[in-house]
Structure formats: structure tokens, C-alpha cells
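Let's have the full structure, built from the sequences with the hints guiding it.
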Amino acid sequence: GAVVSQHPSWVICKSGTSVKIECRSLDFQATTMFWYRQFPKQSLMLMATSNEGSKATYEQGVEKDKFLINHASLTLSTLTVTSAHPEDSSFYICSARLAGTSPPGETQYFGPGTRLLVL
Amino acid sequence: EDKVVQSPLSLVVHEGDTVTLNCSYEVTNFRSLLWYKQEKKAPTFLFMLTSSGIEKKSGRLSSILDKKELFSILNITATQTGDSAIYLCAVHLLHNAGGTSYGKLTFGQGTILTVHP
Chain F
840 GAVVSQHPSW VICKSGTSVK IECRSLDFQA TTMFWYRQFP KQSLMLMATS NEGSKATYEQ
900 GVEKDKFLIN HASLTLSTLT VTSAHPEDSS FYICSARLAG TSPPGETQYF GPGTRLLVL
Chain C
459 EDKVVQSPLS LVVHEGDTVT LNCSYEVTNF RSLLWYKQEK KAPTFLFMLT SSGIEKKSGR
519 LSSILDKKEL FSILNITATQ TGDSAIYLCA VHLLHNAGGT SYGKLTFGQG TILTVHP
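Same order as they appear, the protein sequences are chains F and C. Residue numbers for the first sequence, in my numbering: 840 to 958. Residue numbers for the second sequence, in my numbering: 459 to 575.
Think of the hints as simulated: they come from the structure by calculation, not from any bench. A quick note: this is a predicted structure, and the numbers were derived from the prediction, not measured. It is possible that part of the hints are untrue.
Claimed, not checked - Away from chain F, derived, C-beta distances all over 12 Å, residues of chain C:
no. : residue
1   : Glu459
2   : Glu513
3   : Lys515
4   : Asn533
5   : Gln538
Claimed, not checked - Per the computed footprint, the stretches of chain C lying under chain F, defined by three or more beta-carbons under 8 Å from a beta-carbon of chain F, are:
no. : region
6   : 498–509
7   : 563–572
Using N, Cα and C, we set each Cβ at its ideal position, and we do this for glycine too.
Encoded structure:
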């Protein structure tokens, strides 16, 4: 149980286009989902915290108008990279926290990630 | 600013060796410290530590937290090639922003472990 999926697993797009990435909790409800970005051989950087039914909370330095996050249901959050540029090429990972729990760890589950390449 | 620092950044050993990975932190509103293993895709959870001095163990892996000195170590004994991965340390902290509190994970840079046969 506690599986998180992401779609697509990889995407190549042209500079200037927008790309939407989906994060789904398949067998549990997640009131909170997190979006991370990871550059090669670097660690995960939290981009934003997404709560179902409310606006996402963005980390300092992350442009909210460029990285649009929608968390419309307890099982789905989406990240849209608008007007993508080559420097947005990265590995994007989401995680979902099981509803009703507070600390992470066993109760926060990571998706498999989406590799984005902007040409 | 909250900081999590891991060392070494990379490590190359041979099968059977024992390795110790370090994680130090300076954060406000500490809740817990977590270790993850990342191979090609998403990180997989290893341990969550909340109390000082209590060792957590799973097979050949063990970890301990020192909340006074603000660090944790992850030990892997009798390493195998399948242990090759990036090991990530993360601190769960309570973050206050704009009148709202929420928990978030701050990750260290990771340690790239390579185990040769």
C-alpha cells in the first residue's frame, strides 16, 4: 500500500511551452503533497507545499507564477511549469503525506519522479 | 537559515567494508531526522529518529541521533554492491510563514556511496 505515482515519468519539450506533471496517491488520501526539484548529483530542494483545497506555500526563491500548483482533490496534485526554459530541466519529485498524520517518515511517500528536459 | 550538511559527499569502498555517513544540522523547530536511500528514482525511507542516543537498526544498517551535538550517523556494515546509492539525510522541522505553521523536510546534499565488488 501507500503508492504515489507521477505522470509522465519523463518529458522533452521545446523552450517556451508549458508542461504539466501529475502526482497521485493511489491507495490513500493525502491532504498535503510536496514538490521537490533535484539537479544531477544534488539533493532534493523543496519547491512548495500543497494542501488540498487551498493555495500552495512556495519556498523562498521559487516563482509561484512559473510553477503553478493545483491540489484539487485528496489524491491529485499537479505542477505546471509555464514557459519552460532549458534551466528548468531537472528531476521533479512529489511526495504525499497520509491524511491525519503529522510527522513525515513512514507517513510521507515519494513518487518515482519526472525527468524534464527543455530544449 | 536552516541547514543540513552531509559528509562525505562521496565515498568509494569495497564489498565487506563498513561505512559511516554523517549528517549535521542547524535548524529551528526540529521535529525529527530521517535517512533515505535513493537509487535511480525516488528516495526510499530508511529511518526516522526523534530521540537522542537510541539506535535504530535494520539488518546491516543502523542509525543514531545526538540532539545535543546536532548530528546523526548512518552505519552500513559488510557493504554489498546493492548498497551503492545516494544516501539522503533530511530534517523535519516546523516552519512558520505568514502566520501559518507547517512541517517540511530540509534535505542535506547527500552522500554518493559506491561499493565495488
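Broken hints, numbered, in rising order?
As far as the earlier hints go, only 1 is violated by this structure.
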